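Now for the letters of each chain:
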Amino acid sequence: MQATETRTGVATREMFYNEALNDALRGEMRRDDRVLVIGEDIAEHGGAFQVTAGLLDEFGPTRVRQTPISEIGIVGAGVGAALTGLRPVVELMYVDFAGLAMDQILNQAAQNRFMFGGQARVPLVVRTQGGSGRGNAAQHSKSLEAWFTHVPGLKVVMPATPADAKGLLTASIRDDDPVMFIEHKLLYRTKGQVPEGEHLVPLGVADVKRRGKDLTIVSWSREVLFALEAATKLAADGVDAEVIDLRTLVPLDKDAVLSSVRRTHRLLVLHEAVKRGGYGAEIAATIAEEAFDDLDAPPRRLAGLETPIPYAQHLEKSVVPQVEDIVRVAKEMLS
Amino acid sequence: MDKATALDLYRVMRTIRRFEQRSTQLFGENKIWGTIHSYAGEEAIAAGVCAHLRDDDWITSTHRGHGHCIAKRADLGRMFAELLGREAGYCRGRGGSMHIADTSKGNLGANGIVGGGIPIATGAALTAKQLGTDQVAVAFFGDGAANQGTFHESLNLAAIWKLPVLYVCENNQYAESLPVKRAFATEDIAKRAEGYGMPGVRVDGRDVRAVYGVAAEAVARARRGEGPTLIVADSYRHEGHYYGDPRKYQSKDEVEGWRERFDPVADARRWIAEDGLATEAELDAIDRKVDAEMEKGVAFAEASPLASPIRIPEEVYASH
Ligand SMILES: Cc1ncc(C[n+]2csc(CCOP(=O)(O)OP(=O)(O)O)c2C)c(N)n1
Ligand SMILES: [Mg+2]
Chain A
1 MQATETRTGV ATREMFYNEA LNDALRGEMR RDDRVLVIGE DIAEHGGAFQ
51 VTAGLLDEFG PTRVRQTPIS EIGIVGAGVG AALTGLRPVV ELMYVDFAGL
101 AMDQILNQAA QNRFMFGGQA RVPLVVRTQG GSGRGNAAQH SKSLEAWFTH
151 VPGLKVVMPA TPADAKGLLT ASIRDDDPVM FIEHKLLYRT KGQVPEGEHL
201 VPLGVADVKR RGKDLTIVSW SREVLFALEA ATKLAADGVD AEVIDLRTLV
251 PLDKDAVLSS VRRTHRLLVL HEAVKRGGYG AEIAATIAEE AFDDLDAPPR
301 RLAGLETPIP YAQHLEKSVV PQVEDIVRVA KEMLS
Chain B
1001 MDKATALDLY RVMRTIRRFE QRSTQLFGEN KIWGTIHSYA GEEAIAAGVC
1051 AHLRDDDWIT STHRGHGHCI AKRADLGRMF AELLGREAGY CRGRGGSMHI
1101 ADTSKGNLGA NGIVGGGIPI ATGAALTAKQ LGTDQVAVAF FGDGAANQGT
1151 FHESLNLAAI WKLPVLYVCE NNQYAESLPV KRAFATEDIA KRAEGYGMPG
1201 VRVDGRDVRA VYGVAAEAVA RARRGEGPTL IVADSYRHEG HYYGDPRKYQ
1251 SKDEVEGWRE RFDPVADARR WIAEDGLATE AELDAIDRKV DAEMEKGVAF
1301 AEASPLASPI RIPEEVYASH
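Which chain is which? The protein sequence lines are A and B, in order. Heads up: the first sequence begins at 1 in the working numbering, then just goes up one per residue. Heads up: the second sequence begins at 1001 in the working numbering, then just goes up one per residue.
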């Protein structure tokens, strides 16, 4: 692939999202011997989505620890290793499998620091992926980020672009807290320019992916791409949408959302996860509490329907927000 | 066994016993909030195993964790301070009895989740292996925890990776109200080790010499890089599951009989004297010293300020 220069003078290269993640892992494993990856099918096979491809060759089987199918065992071993000086990155093949490992996430990793009165830190990254769009049906397609945002002690990161994937994974590995790093299965083969060498995107900083003045669309993960597509369509109809990619749900960059809404006076929160109890409610409520007087319309949520993800392609699409849905709702909000 | 080792084991066991008596009293005086689980009767296990551990070796403990904490050389004053919700407590009053940790001594914490510590000790052992040190990790857990999925997943991982870890199952005959006979169709939990490809040893948890001997071999094996061992110590808890347990699932005769027959602290006193390792007077002197330290610890805790208000997010996140 060809290297190019961006405006800021940093060399970039076009990469797939999974390559960008691989680049981050490789960079951190080279930089710090304490970083290791642990997970199912991550060695010769390179991971279910090829994120760890080639790492075995470079770092060997002690730092690329392929495990039996033991979700709580490996996440728990990650917790213990993190407590005692390593910086493990544990791969949970699907976020849908988090239920099997949940005790170690919820009661151990998230709480050790607080519960022990500050005596511990848990620099653990649990890398996983979620989302629908590949016909994997109900047990392999969920968006469960709201579960983790509800647990004090966890950080929750959901990159939408290859560059952010690299920068956020690097920052997550260097972070001293447990991070749930949730990728999207349909983003792995999306491409983008990615800075070469060390690239850090700090946790807790949202990114305005498109400037606009008529309404603010707040989203994360794959729906950010849908929002951008919708914004292009809306522009053709004279509607100028701003698109904010939260990138990290916890910590939340509240100021980025507030300052945008104070300019556009309209908020649409968009996510693939089920609407009921979703993180969109948190954003909408926060804006209602803190910027009510700036709003010209009620905050709206556009999100997944309250159903398990169905199998058939047309059905699968019917239960998560599509580009046309975003265009329609945005127009409703402006009429 | 030499005199110094024997007396040290006795001192640790006697300290644990006294700690449980004192904390029970304090609970009765409404000075302790929540729940405490007494380790009385099981002292020989923590003492016999931890005698082989250095401060840089790790343990994970359980809801019944005071004994492990003491055997890993914790400060009694800070333990009592934690139980009393004081700032000087190990967890600054944030954790309480079920979450005492002392990372400076390698104690990665008691755990309110049955079986929750087993994978964590496994991960600590992974750290030792990864960094090429000779540190070892010990997971203490109950018979009840041996039926959790974490037991299976962790023992298998440790076996395939030859991790320096000891799995110490404290079979105190009950998981809360469930007798082991109704939880296992086998008499011998240690036999499970064979299925994982590691040594499994059943030991009399009343006899600290036996526990000490079995643990010596398992720790040495782990330090040599030869992998994990499962140790199952037969034991009995003298008290109820928690302070105030009405014990409806046990007969009075059973409890009295076991308490009489199964007392590792009294036993140690007896054999130490019989073997001529120490006189009654020397043992009495140890008792007095332990009791004095205990009162010093209680006084320290009672005199220390209440836990400070929670700071968010500083206490919840390391970097924020
Ligand atoms: C995951 C989980 N399930 C149930 C409980 C409630 N509980 C606390 S202690 C206990 C019994 C544990 O038995 P065992 O492992 O034998 O330990 P012991 O109390 O006998 O030392 C139970 C059921 C819990 N704390 N965690
Ligand atoms: Mg038990």
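Derived by calculation from the structure, the hints in this document are not laboratory data. In this text the structure is predicted, and so the values were computed from the model without any measurement. Hints may be right or wrong, so weigh each one.
Computed footprint of chain A on chain B; a stretch qualifies when at least three of its residues, placed anywhere within it, have a C-beta under 8 Å from a C-beta of chain A [to be verified]: (1) 1087-1101; (2) 1111-1120; (3) 1153-1162.
Okay, the calculated beta carbon distance ranges per label pair [unchecked claim]: (4) D41(A) with P1313(B): 46 to 54 Å; (5) S1104(B) with D176(A): 14 to 22 Å; (6) E44(A) with G1149(B): 48 to 56 Å; (7) Y311(A) with K1248(B): 37 to 45 Å; (8) V10(A) with E1314(B): 32 to 40 Å; (9) I1310(B) with V10(A): 36 to 44 Å; (10) A1185(B) with Q139(A): 52 to 60 Å; (11) V205(A) with G1149(B): 36 to 44 Å.
Some residues of chain A that are not near chain B, with every Cβ distance over 10 Å (derived) [claimed, not checked]: (12) R13; (13) R31; (14) E71; (15) R300.
Backbone N, C-alpha and C fix where the C-beta goes; we use that ideal spot for every residue, glycine too.
Whether the CB-CB distance between E44(A) and G1149(B) falls inside 48 to 56 Å:
27 Å Cβ-Cβ, so the 48 to 56 Å window is violated.
Minimum Cβ distance from R13(A) to chain B greater than 10 Å, as the annotation requires
Nearest chain B Cβ is 29 Å from R13(A), so the label holds.
Outcome for the supplied range 32 to 40 Å, where the beta carbon pair is V10(A) and E1314(B)
34 Å, holds
S1104(B) paired with D176(A), Cβ distance criterion 14 to 22 Å:
18 Å, holds
Does the Cβ-Cβ separation between Y311(A) and K1248(B) fall within 37 to 45 Å?
51 Å, violated
Falls inside 36 to 44 Å, the C-beta gap from I1310(B) to V10(A)?
41 Å, holds
Count the residues of the segment 1153-1162 of chain B with a beta-carbon closer than 8 Å to any beta-carbon of chain A: does the count reach three?
n = 6 at 8 Å, threshold three: holds.
Assessment of proposed distance window 46 to 54 Å (beta carbons of D41(A), P1313(B)):
Because 36 Å falls outside the window, the suggested range is violated.
Does E71(A) sit more than 10 Å from chain B, CB to CB?
8 Å, violated
Using C-beta distances, would you say chain A covers the segment 1111-1120 of chain B, given that this needs three or more residues below 8 Å?
This one holds; 7 residues, not fewer than the three required, reach chain A with a Cβ under 8 Å.
Go check the segment 1087-1101 of chain B versus chain A for me, would you? Three or more residues, Cβ under 8 Å, otherwise it fails.
holds (count 9)
Can you tell me whether the CB distance of V205(A) to G1149(B) sits inside 36 to 44 Å?
About 38 Å separates the Cβ atoms of V205(A) and G1149(B), which means 36 to 44 Å holds.
Violation of the numbered hints given earlier is confined to hints 4, 6, 7, 10 and 14; the remaining hints are satisfied by the structure.
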